[in-house]
Amino acid sequence: MSARKPYNPDPHAHPGLAAIALLEAVKAVLAFLAAAGLEISGPAPLRNIVNTLIRRVGADPEHGSFSTLLDMITPDTVHVGAIALVAYGLLRSLEAWGLWRAKAWASWLGCISAALYLPLDIYAIVRHPGWASWLLLAVNILVVWVLARDIGKRRPPAAR
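Using the working numbering, you'd call the opening residue of the sequence shown number 112 and step up by one each time.
Hints listed in this document are in silico derivations from the structure and should not be mistaken for laboratory results. Even glycine gets a Cβ: it sits at the ideal position worked out from N, Cα and C. Do not take every clue at face value.
What the hints assert, rightly or not - Calculated cross-link-like contacts (lysine-lysine; reagent style DSBU-like; alpha-carbon spacing at most 35 Å): (1) K138 - K116; (2) K264 - K214; (3) K214 - K138; (4) K116 - K214; (5) K116 - K264; (6) K138 - K264.
Said to hold, decoys possible - Computed spacing ranges between beta-carbons, pair by pair: (7) L202 - T163: 27 to 33 Å; (8) D171 - A147: 32 to 38 Å; (9) R265 - P156: 44 to 50 Å; (10) W208 - N119: 15 to 21 Å; (11) P156 - P126: 37 to 43 Å; (12) P156 - R266: 47 to 53 Å; (13) A145 - W245: 22 to 28 Å; (14) N119 - L253: 17 to 23 Å.
Produce the complete structure using the sequences and hints provided.
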């Protein structure tokens, strides 16, 4: 049995982690931009989107799910949505920072969070088969594989 090399803690030795860190940083920026957009625009654009959807599907705007959805789009719920997006952005920023520096906790966080999306990715393929759904699944599987591999490399030799 050949002995494995000890884990190299130098972040430059892990280009896969750096690539995932950049992906997570982009997701964080998009979340922050979406939160800012919600706060700046308020509930009116969301209500317009729902009204357009009601017209397209020929639904009754006074009764049913769409009516309930329209009633729920208020300034307060927009603020809650913006806060949720900021929290998501902060989590993704923290993960990106940790992965960029090859921190073990960031590999765990990223692996678990990406793995949680896999059932949703499979559901998307079943409901909307297409290249975009397959690409998203492939990217998330690749992310889980790279991070799980990194976690495995960190284990002490006796534990392997």
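Evaluation of the provided hints:
| no. | hint | verdict |
| --- | --- | --- |
| 1 | K138 - K116 | 33 Å, holds |
| 2 | K264 - K214 | 13 Å, holds |
| 3 | K214 - K138 | 19 Å, holds |
| 4 | K116 - K214 | 18 Å, holds |
| 5 | K116 - K264 | 9 Å, holds |
| 6 | K138 - K264 | 27 Å, holds |
| 7 | L202 - T163: 27 to 33 Å | 32 Å, holds |
| 8 | D171 - A147: 32 to 38 Å | 34 Å, holds |
| 9 | R265 - P156: 44 to 50 Å | 46 Å, holds |
| 10 | W208 - N119: 15 to 21 Å | 19 Å, holds |
| 11 | P156 - P126: 37 to 43 Å | 40 Å, holds |
| 12 | P156 - R266: 47 to 53 Å | 49 Å, holds |
| 13 | A145 - W245: 22 to 28 Å | 25 Å, holds |
| 14 | N119 - L253: 17 to 23 Å | 21 Å, holds |
This entry satisfies every hint, going by the numbered hints stated previously.
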